[in-house]
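Undergrad: In case you want the letters, here they are:
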Amino acid sequence: MRTLATYALALLLATSALAGTFRAGSPSTTNNDDSCDIAVQPAATLLLPYFDVDFSSPQTKARTTLFTVQNVSALPQIAEVTLWTDYGYPALQFPIFLTGYDVQSINLYDVFARASIAPGPTPGGGTSVNTTVPVNPTPGTQPAPTNPNFLSDVGKVCTNLPGVFPTTLLRDLQQMFTVGVPADNQLGCPPPSSTIPPTSSTPVGGTHANAIGYITIDVVATCFPVKPMSKDYFANNLLYDNVLTGDYQIVNTGDKKYAQGGPMVHIRAVPEGGPAGASTLTNLPYTFYDRYTTAFFFNRAVDRRQPLPSTFAPRFIQGGPGGFNTSLRIWREGVLSGDATCSDYPKNSNMPVTEIVRFDEHENATVSSGCPTATCAPPLGTQTTLTIDTSSFLFPPLATSGDLAGWIFMNLSNGGSDAYSVGVVTGLARDFRTNTSTRTGLRQSQNWVITSMFADPTFATEATALALGNGCSTSPVRGAQIAPAANPTP
Amino acid sequence: MRWSVIVFLVAAAASGATSRTSPSTTNNDDSCDIAVQPAATLLLPYFEVDFLSPPSSARTTLFTVQNVSPYPQIANVTLWTDYGYPAFSFPIFLTGYDVQGINLYDIFTRGMIAPGFPPTSGGTSFTTPVPLNPTPGSQPFGNAANPNFLADVPTACALLAGVIPPALLQDLQLLFVIGKGTGQSIPCTAAVGGTHVLAIGYATIDVVATCSAKNPSSSDYFAGTALFDNVLVGDYQEIVPRGDKSYAQGGPMVHIRAVPEGGAAGAVADSSLPYTFYDRYTAALPQRTADRRQPLPSVFAARYIAGGTGALNTSFKIWREGVATGICSSSVTNPNAPSRNSYMPIADAVRFDEHENATLYPLPIAISAALPTPGTNAAFSAPAISGFFPAISTSGDVGGWLYLNLNNGGSTAYSVGLTSGIARDFRTNTSTYIGVRQSQNWVIASMFAEPTYATEATVPALGNGCSPSPRAGAQVAPAANPTP
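One line per chain: the protein sequences are Y and W, in this order.
Under my numbering, the very last position in the first sequence is 546; numbers go up by exactly one each time.
Under my numbering, the very last position in the second sequence is 586; numbers go up by exactly one each time.
Please keep in mind that the hints were generated in silico from the structure rather than gathered at the bench.
We treat Cβ as the ideally placed atom computed from N, Cα and C, and that holds for glycine.
Just so you know, not all the hints are guaranteed correct.
Said to hold, decoys possible - To spell it out: a stretch of chain Y is covered by chain W in this simulated footprint if at least three of its residues, at any positions, have a beta carbon under 8 Å from a beta carbon of chain W; those stretches are:
| no. | segment |
| --- | --- |
| 1 | 151–161 |
| 2 | 235–248 |
| 3 | 460–474 |
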């Protein structure tokens, strides 16, 4: 890269000598898989920021979420799927074995209503290392039989992965994702006591009629189960190959039949490659799984996953003759580390938001609670994943102009956490990009926003909301001039 | 995941040592990756408008442009035919933090751009009042505050026309449905677009320094009009009104950033981009990357489902870089005639079903052969089971994915490999097997099931525009990362 950059610089300087040259700084990377930008390209982790499943209704009436994972490499891969509650508790984890070029869809209605993962033509379903690999017509389309990064136990532990799980676990799962506490004790956190009257447990998820949460899908080296996000997971299981792609659909099969969907969030490993546990440095200032790497004191970026941004600019339209409305699906990084106890999880239920400003179509701005200055109290807090109407109390009110549309500036940084790698020790606060002292002491938090628009009878779209920078861009302080993130170099 | 990398890392892990690879960029606006972040150019890869039907039943495409900076900006919209002819351009003046929706039905049926109140007027203007907002951080700057604006902005951008004259509207309708206008208003009577019932094409939206009728094919567009500020964001919706079976699809536009960003119109800046989005329009400039816009990828992995109990089907909306610049010419011998953009070959396509069985085109793929694969336009929509793509396998699977290497084989209009004998790899400047650089493309997957289930998603690219495109028949895989 340095050679190319040097050459390009010399060439362009020579060329530009003919005209007035605007000197604009250091070269960009031109490599694939080599930046903080979140692009729709093969990744090592996929994030489904929000799911919503009505498992109580018959399938013909039930709202559900589907997602599909593709392995776009010739090598077989294992995708570890983790279902998290809306307080960020990793409740269920299961592997999917993907042969080279495989594609696997999961309907979460199957999981939450039928206790079934990837049902197939045979009872039980599931995926398996024993899946037959076809003989394809050209070498370039031929799936490979093995992956050199697989652990030696794959042949045994990835055989006939269960497609059906016990009904007792299903009941726990349903409870965990609708009231935040399990019925039994199979998902790691205790149920209410059996005493009379029962002592309620601290919830690890919110209360709602539908199962609500988010999902991560990691490329891993084995199907052997380890505690989600544990030291073992990062030291022995997680891989770094950018080979997975995926998309999702939220399907409403009720009276108004419509669907919304888009690509999942493709989070790449930078740099990619190597076996599980490889200790490779990255220039990423922090990583997507940062708060789970506290056991790796000398390499907090052990997962190498790109960080997500903090600042967004989603558009909205609400009201008018078309009956338009807009909802935002929001994922927010929690404040807890991997060693949090069950009673800690409510801390992820009310994380503050740094700043929200609404602009109408005439650029009139409104701020929360009519707050006129940057010193006012910030907006209300939220849990780690939610869908919220843009007319809700979280957002500033509409301006008095009469405009029904515009856009919302959202700085979703949650104010930091001691679980984060930067600023974890008093006195060691530092800017997350340059390792110098900083005004905030803690790094910004990671977030993602999806804009869902709907109008009667069944006009429905969904789009990734615009981020005003990437996860390596410094998040602005509250009250700063609203603008795209600066590029520090030019 | 090259073997050398794996061996190296295995060795490092075995010794307990920590390996170090080359640095990634951690800068905002500083890579070849196409992210949904503020950009200097927005691409709407495909639009279609039924301008003959009443609004209650007319399919249309809307797009919205946001200026997320406090500075005023000018967004220059160009509507291109499906053969890549720049038929119509108009500027939109955006005050700081402005947002402007455009319904293409308004343009193609009503001859209106951004209709206002009353709807017989419309347009945007430099004279739009700037509000006084409650916090300094949310305050737009004045409409003359953009230091990169040219001096004529106050007059050139005052009361931009919102109404399209009838003669121009007629030409516009003709160019986008039969590919030929009357020449009365748009001075071109050559065949510059395909024939279809709906108006079909694509749109680009550039941040520029003044309001004019210029477009990227104008000789001085990149020397004195285009700007380099990554400040625009946008999305689109395709609306299909069918009474109680109405539906919509949409997503973000393609956000193409200037790398590096900033500077005045015509400023020459270093860019390590190997070539740029507007590459074929910069031949007359001393610096072929004068537009500094990120290039788009060539290889995609598009999931499909076609059939089954839900009667699901998938279409792909595809944008492809033309081989010709799209001047007004019907001559088959003119290398820049738009018609040359109507049958561009596809380098390679493979269909994988859900059991990974692969099917290929019936003919051997060779980029040098004459039309070895179905040729396509610069902007089109095609069902996943159409003849543009390999046939479905005999397994019975109704789903899977398509590997699409949409490289068109190159063009003498491109900056790399322009002259015989100096063909070179576009990233390393060494000789290369194909002689010219890959072409740029974009793919969107539209899924639909009756009665009203419809979604749309950007299709994953298997690399970025700086990743070398694989040759036909190469191992299907994500693009290599050359550095680690």
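Undergrad: Indicate, hint by hint, whether the structure satisfies it.
TA: Checked hints:
no. : hint    : result
1   : 151–161 : holds (count 6)
2   : 235–248 : violated (count 0)
3   : 460–474 : holds (count 4)
Figure legend: structure checked against the earlier numbered hints; the only hint not met is number 2.
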